[in-house]
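Going down the list, the protein sequences come from chains A, B, C and D.
This note's numbering puts the first residue of the first sequence at 1, with every later residue one more than the last.
This note's numbering puts the first residue of the second sequence at 1, with every later residue one more than the last.
This note's numbering puts the first residue of the third sequence at 1, with every later residue one more than the last.
This note's numbering puts the first residue of the fourth sequence at 1, with every later residue one more than the last.
Please keep in mind that the hints were generated in silico from the structure rather than gathered at the bench.
Every value quoted in this text rests on a predicted model; they were computed, and no experiment measured them.
Idealized CB from N, CA, C, for every residue including glycine.
There could be a bad hint or two in this list.
[Said to hold, decoys possible] Under the rule of at most 20 Å between Cα atoms (straight-line distance), these lysine to aspartate or glutamate pairs were calculated in the DMTMM-like manner:
#, chain 1, residue 1, chain 2, residue 2
1, C, Lys316, D, Asp177
2, D, Lys8, C, Asp35
3, C, Lys8, D, Asp35
4, A, Lys153, A, Glu338
5, C, Lys136, C, Glu358
6, D, Lys298, B, Asp34
7, C, Lys321, D, Asp288
8, C, Lys315, D, Asp35
9, D, Lys321, C, Asp288
10, D, Lys302, A, Glu338
11, C, Lys302, B, Glu312
12, A, Lys9, B, Asp35
13, A, Lys302, C, Glu71
[Unchecked claim] Per the computed footprint, the stretches of chain D lying under chain A, defined by three or more beta-carbons under 8 Å from a beta-carbon of chain A, are:
#, region
14, 188-196
15, 256-264
16, 294-308
[As the list claims (entries may be wrong)] Pulled from the structure, derived: some chain B residues nowhere near chain D, Cβ distances all over 10 Å:
#, residue
17, Gly221
18, Lys302
19, Glu305
20, Asn310
21, Lys380
These are the residues of each chain, in order.
4 protein chains.
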Amino acid sequence: MMRLIKGKKIKLGIVGGGPKSWIGHVHRISSRFDDEYEIVSGVFSRNSNISKTFGKKIGIDKDRCYSNYQEMADKEAIRFDGIEVVAIMTPPSSHQVIAEKFIDKNIHIISDKPFTGDLLQAKKLFKKIKSNKNIKYALTHNYSAYPMVREAKVLVEKGKIGKVEYVNVEYVQDWTDGKIVNKKNAKKILKWKINKKIVGTSAVLNEIGSHAYHIACYVSGLKGRNVFADIKQVSKTVKMDNNAQVMINFNNNAKGLLWTSVMARGGVYGLRFRIFGTKGSIEWVQNDPGYLKFNPLKGAVKFLERGFFNAELSKKFSRIKFGHPEGYLDAFANIYKEFAESLRTKAKKRWFFPNEYEGLETAKFIEACRISNKRKAWTKIK
Amino acid sequence: MMRLIKGKKIKLGIVGGGPKSWIGHVHRISSRFDDEYEIVSGVFSRNSNISKTFGKKIGIDKDRCYSNYQEMADKEAIRFDGIEVVAIMTPPSSHQVIAEKFIDKNIHIISDKPFTGDLLQAKKLFKKIKSNKNIKYALTHNYSAYPMVREAKVLVEKGKIGKVEYVNVEYVQDWTDGKIVNKKNAKKILKWKINKKIVGTSAVLNEIGSHAYHIACYVSGLKGRNVFADIKQVSKTVKMDNNAQVMINFNNNAKGLLWTSVMARGGVYGLRFRIFGTKGSIEWVQNDPGYLKFNPLKGAVKFLERGFFNAELSKKFSRIKFGHPEGYLDAFANIYKEFAESLRTKAKKRWFFPNEYEGLETAKFIEACRISNKRKAWTKIK
Amino acid sequence: MMRLIKGKKIKLGIVGGGPKSWIGHVHRISSRFDDEYEIVSGVFSRNSNISKTFGKKIGIDKDRCYSNYQEMADKEAIRFDGIEVVAIMTPPSSHQVIAEKFIDKNIHIISDKPFTGDLLQAKKLFKKIKSNKNIKYALTHNYSAYPMVREAKVLVEKGKIGKVEYVNVEYVQDWTDGKIVNKKNAKKILKWKINKKIVGTSAVLNEIGSHAYHIACYVSGLKGRNVFADIKQVSKTVKMDNNAQVMINFNNNAKGLLWTSVMARGGVYGLRFRIFGTKGSIEWVQNDPGYLKFNPLKGAVKFLERGFFNAELSKKFSRIKFGHPEGYLDAFANIYKEFAESLRTKAKKRWFFPNEYEGLETAKFIEACRISNKRKAWTKIK
Amino acid sequence: MMRLIKGKKIKLGIVGGGPKSWIGHVHRISSRFDDEYEIVSGVFSRNSNISKTFGKKIGIDKDRCYSNYQEMADKEAIRFDGIEVVAIMTPPSSHQVIAEKFIDKNIHIISDKPFTGDLLQAKKLFKKIKSNKNIKYALTHNYSAYPMVREAKVLVEKGKIGKVEYVNVEYVQDWTDGKIVNKKNAKKILKWKINKKIVGTSAVLNEIGSHAYHIACYVSGLKGRNVFADIKQVSKTVKMDNNAQVMINFNNNAKGLLWTSVMARGGVYGLRFRIFGTKGSIEWVQNDPGYLKFNPLKGAVKFLERGFFNAELSKKFSRIKFGHPEGYLDAFANIYKEFAESLRTKAKKRWFFPNEYEGLETAKFIEACRISNKRKAWTKIK
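Isolated chain A, as found in the complex (with noise of 0.2 Å):
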C-alpha cells in the first residue's frame, strides 16, 4: 500500500544539487513553485561541513544536513519527521544506488535523468521500483511537462495527425565553453562528463539524448524497435562522446532520426521536434515553448497556443494566462505539482509525469545505439 502523506507541504530531502551546481537550483525552485513540498534534509557535498554550510544556508537544520546518502536514508526513515520524498540530482551513474537505499525505506523519488547510468543498472533499478508497492517514482525529463507538449502527445493520440510515418528529433548544445577541447583542458571544461565511471554509457546520449529519445516517444506513442547508430570521440585523445546521430525504426514501422550535440558551435542550443503522420504533422521548439505548429493535410498551418479557447489539456499544466510567456522552470515545477498530486490521491488517474517505464527504455535506446556504434550495424533495442 501506497505511503500517506501526513501534511499539507510534502516532505522534501534532496540528495546533489550542492553549491556550484546548477540542477540543484532548478530542482529547489521547482519544489516551492506551488507551495507543495518542503526542502527539510539534503545532502549536498560528501563534507560534513559543506554540506552543513549550504543546507543552512537555504533553510534546512543542520542535524538534518548530511554527508552520504545512506546516513540520511536512514536517519530520516526513523524520524516522525522525516522526508516523504527524496529528489537525487547526482550524476548518473549513481541514480541506481540512490533510489535503492530511499525504496528500501519506503520514500518516494524524484530523480533526474537519465534514469541510471547504462543498461544493467537500469534493469536493476526497474525491479526494484517495482518491488515496492509502497513507493512512488517520477523522472525529471523535464521538456515533456511543457504544456504544449503535453498538448501535442494528446493530439497525436487523438489521432489528429494519423498514423505516424516519420520522426524528427534533436537536442544540440555547445559545452565547450567558446575553447577547441584537448587533452590538457578537457577535464576543467567538460568535468566529470569524460569520466565514463560517473556520466555512464555516452556523455552526449546520457546527458541530453535521453532527453530527446524521451520526448520523440512521449509524444509519439512509439517505441524504437531497432537503431543505426554514429557517435563521435571528441577527439582521439579525449575520450567523451560528443555527437550523436541515430537512425530509429519504431515499433510501428515509422522511421525517424535523432540528432544530438554538444559541440554545436555558436550557441546554437535547442531541443525541437517533428513528427509526421499521415494526416499531418506537428512541431514544437523549446526555445518558443508556448507554441505548436500543427500542420493539418490540407489547408492552412495552424499556432496552437498555450492555453488557447480548446486547449484543456495545455491549461491545465499551466500557471499564466495565454499570451504571457512560461519558460524552462514552469515547466520543470509542473513534473513537483503532479507528482505531489499523485501521491495525496487514492485515485486511478492518468499521470502524465515520466516514470520508471519511461526510464528503463530510454537506458534500452542508449544500449543499443552504443552496440550499434561499435558493430556498425543495425541493432535491435532490447
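Use these hints to put chains B, C and D onto chain A, whose structure you have.
Okay, now just chains B, C and D, sitting in the frame of chain A:
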C-alpha cells in the same frame, strides 16, 4: 532609518488576490520563487469566512487572515512576528489608502500597478512614501523586470543606439472573451473594469497602458513632455475606455507613439517596444522575451540572447542558463527578489525594480491623456 | 472606346528610370516577367546622348530614345508601330503633366506612385483620366499586388474578421545611409527628396507613407474620414519630412494609426499592416510576404500560405508553387501582368491593380495630413 | 575554343517544359529576367502539333518548334541564326543523351537537375562535356544561387566558422496531394516519378535529395567520402523512394546528416542547411531566403541580410535593395544571368553557377546511397 529585516525569510502579508484572482496567484508564486519571503498574513476577502478559508488553504494561520486591511495593519504592527512587507493587489483606486495605512505602520510596500487610480491619489501617495524614511516601495511593472528589458535599458544608457529619436510602444490584448460587449453583458465580461470608481482614470490606460508607458520610459531613459491622446469608449452605452492611441513628445525632443487596446481581436496579445536612436535601434517583444534585437546603424542585425556571453546584466536577473526559456513568472519574481535584497542591505546600490517616482510619472501621463482626449489638443504632462 | 492592343507583345515606352535609377530597373524586369510587353521607346535622360546610350544598352532603337516626354508622345503617337502603353517613373511632381500628355495621345498609363506631387495635380490628373474613355490607368502601389495582400482584401470583404474596428499600418525605412543628416550633406544623401518642388507635398508621405495608406484602405475596404497628423522635419535647417505619425478616423467609425519614417535606424525596414475586426484580425509583413496571419476570435492562429489549398485568389496572382518564396519583383510584375490582361479584353472583370480612384484618395489623405500638422488639429480628408 | 555569342540577346532553345510543366515556366521567366536571352526554338512535345501550338503561344516561329531534340539540334546547328544555348528540362534519365547531342553541335547547355538519371550516364556525360572545349555547361541547382547561400559559401571559405565539423541538411516536401498513395492512384498522383526508367536511380534523391547534397557541399566546400543511407519505398506495391535519411562522412572528417522526403505531410516544405565549424555556425532556410543566421563561437547571433552594408557578394547576386524580399525566381535567374556573362567574356573569372563537376559528384553520392541502402552498410562514394 530603514526598518531591519529580522530573519532569513521576510514576513509578507497580502491584501487582495483572493480565490478567483489571477494576479494573486502570480504574486504568491513570485514571492516563493527565491525563498526570500514567507506569507504569514492576509486579507483575501471582505467576508471574514472566505478570507480565513482561503488563507488556511494557502497555509496561513486563521488568526492572521483578516477581512479588512486596517485591522490587518493595526494587528500585524504590534505582533512581535508581524509582517515586514505587505503586497497590495487590489484594484487601482484602493492602492493609495491601503498603502498609506501600512506606511504609517512602517511596513514596506510591494504594490501591483498602476500606482493609484488617478493623479490626485498618486500625488498624495508619493508624498506619503517620501515622508517615511523607514519604508521602501516597489511597484510591479513586471515587464521591466525581464532580463533583456534591463539589458536594453543599460544598452541605451551606454549610448549604443545614440540619442533616442523615436519610441514606438504597444500593449494590446482582447478582454472580451470572444463576445461583442454591450450594455447587457458588459458587467459580466468586464467586471469592475467598467466601474470608474474602481478602475480609476481610464480602464485601458490604467490596466495595461500604464505598463506600456512605463516600459518606454524605463528603457529609453526619457520622460514624456506632452501628449496627444485619442481614447475610445467600448460603445455609447458602455462607458469604459477600450483603446487608446497616444502621440508623445519626449523631454529630449524625441517623438513617440503608444497604442494600447483591450479589443484587439483574435488572441493577438502583446507588449512590444521599438526604440530608434541616431546610432541604431532596439526591439523587444514579450512573447519572445529572452531576445533583444539590436540593429546597429550599419552591419548585421544582432540577436542578443538572455544570459549570453557578454551580457552581465541579463545574467544577473536570470536564473536559468541561456538556451532555455524564462517566462512571465521569472520576471515577476525578479521584483520580489531584488526588493528583498534592497531590504537586507544598507549599502547604496542601484536598484532596477520600479518605484514611486516611476509610479507618479505614469499617473501624470494618464491624466494628461485624459485631458488631451477631452480637449482634442496637445497637452502638457505635469 | 478603348484603344485596341495590336500584337502579342504590348509596345511599351518608358519615361524616367535612367542609368542610376533603381525603380527603372524594377519596372523593366516587371514588364518582361510574363512576356507581355516589349520596351520599344523611352526618355532616360534630358540629355539626348545619355538617353540614347542607355536606351541602346537596353535594346531600344536610338531613333526611339528621346530627351523629353513631349517629343516622345508626339512622335510615338504617329508611328504605325508606336507605343501602346507608357510607364512613367519620374519623381512625383512630374507625374501629372507627363501622364496628361500621353493621355492626349490615347496612350495607356502605368505610373509609379504617388499619383502626383500634390492634391491640386491629383485632381487635375484624375479629371483628365476620366475624360478619355480610350485609355486605362494603373498606379504601381506594388505592395497591394502581393498574393497574400489580395487574399487579405478578399478575406475582409467576405466578412471573415467581421466589421473592421482598428487598422494599424506602418512603413519604416532608413534613407540616411548611416549618417546624421545636416545642411551640408543633405543634398548628397537625400537628393531630390529634399526639394519640395520635385517630391511634392511631403517627402516621407509621398514616397512611402502613400504606400501605407493605400494598402490600409485597399485591404480594409475603408476610406479615411479625418486625420490628426504629426510630421517631423529632419532638422531646422534641412527641410524634409522624415517621420509622420497619423491618427485616422475611418468612414465606418473604425480608428487607426499610420506610422511612416525614413529615419528608422539600423536597417529596420518594413511595411506591415494589422487589421482588427469584430470577429478576428489579420496581419501581414512585407519581409515575409507569402504568409497572412489570420487570428479568428476564438481558436488557433492560422498561417495562410500563398497558394495553399483553398486560396484561389492568391494562386491566381502567384507563379511559383507554395513552399517556395516569391518576392518584391513577382508582386510588382503582377500589376504589369493584370494591366496587360485588362487591355486585351473587352470583358467586364474585376481588376485588382491600383487605379486613379485610389491615387486621388491617397493624395487627399496626404493633403489632410499636411493641414492637420500645421493646424495641430483633426482635419477632414476632402 | 569557346564559341562566340553573336548579338545582344543570346539565342536560346528549349527541350521540355511543355504546356503542363511547372519547371518550364520557371526556366522561361528566368531566361527573360535580365534580358540576356531570346527563346527562339524548342521541343515542347513529341507531338508536332502540340509542340508548334505551344511554341507559337510563347512567341516562337512554328518552323523552329520541333517534335524531337535530334531534329532540333541538327537544324538549329546549320541555321545562321541558330540557337547558341539549349536549356534542357526533361526528366532525369534523358538529360545525358539530349545534352550529348547538342554538345556535338557546339551548343552550350543549361540543364535542369539532377545531372543525369544515374551514375553511368553521369560519367558518360561528364566525359563528353570535358571533351568539347567549345561548350560551357550549367546545372540548375537553383537554391545555390540565392544571394545569401553564396554569401554563406564565401563566409565558410574565409574561415569565419573555422574548420567545418558537422553539416545538417534537409529538403522535405509532400508530393501526395493530400492522399494516401496506393497502387491504384500512384500513377495519377506521382506520374513519371514512379517509373525508374525515367526518374533514374531514386525518385526522392534524384528529384530533391540532389539539391540537398549539392547545397551542403557547395556551401561547406566539402565532399562526401562515404555514406550510410536508409531509403524508404512508398509501400510494398508502389515502388518509389519517398524518404531518405543519409549519414555522411566528409573528406575532412566532418560528419553530417541529410534528410529528404516527399511525404512530409501538412505543407511542411523546405530546404534548410546548418553548418557547424570550430569557430561558429551558420543556418539558412529557403522559406526566408534573404537571411543568413551566423552564430559566432561567442557573442550575439547575427542575422546577415541580403544586400546589407558589408555583403558585397550577396549584393552582386541581388537585383532589389535590401529590406525588400527576393524569391525563388530571382535566384533561378541568377544562374541564367551569370551563365550569359560567362559566355560573353574570355576573361578567367570565378563563376558561382553549378557545373558538371558538381553534377558528377551528386550522381556519385546518390549511387553510393543506393548501394548502402541495399547493403545496410557504410559505403564509399566513388
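Hint check results:
1. Lys316/C <-> Asp177/D: holds (19 Å)
2. Lys8/D <-> Asp35/C: holds (18 Å)
3. Lys8/C <-> Asp35/D: Distance of about 18 Å is within 20 Å: holds.
4. Lys153/A <-> Glu338/A: With a Cα-Cα distance of about 17 Å, the restraint between Lys153/A and Glu338/A holds, given a limit of 20 Å.
5. Lys136/C <-> Glu358/C: The hint holds at about 14 Å.
6. Lys298/D <-> Asp34/B: violated (30 Å)
7. Lys321/C <-> Asp288/D: holds (15 Å)
8. Lys315/C <-> Asp35/D: violated (26 Å)
9. Lys321/D <-> Asp288/C: holds (15 Å)
10. Lys302/D <-> Glu338/A: Roughly 40 Å separates the two Cα atoms, so the pair is violated.
11. Lys302/C <-> Glu312/B: violated (38 Å)
12. Lys9/A <-> Asp35/B: holds (15 Å)
13. Lys302/A <-> Glu71/C: Given pair Lys302/A, Glu71/C is violated - Cα atoms ~57 Å apart, limit 20 Å.
14. 188-196: violated (count 0)
15. 256-264: With 5 residues in contact (Cβ-Cβ under 8 Å with chain A), the coverage given for the region 256-264 of chain D holds.
16. 294-308: holds (count 6)
17. Gly221: holds (22 Å)
18. Lys302: violated (4 Å)
19. Glu305: violated (7 Å)
20. Asn310: violated (6 Å)
21. Lys380: holds (38 Å)
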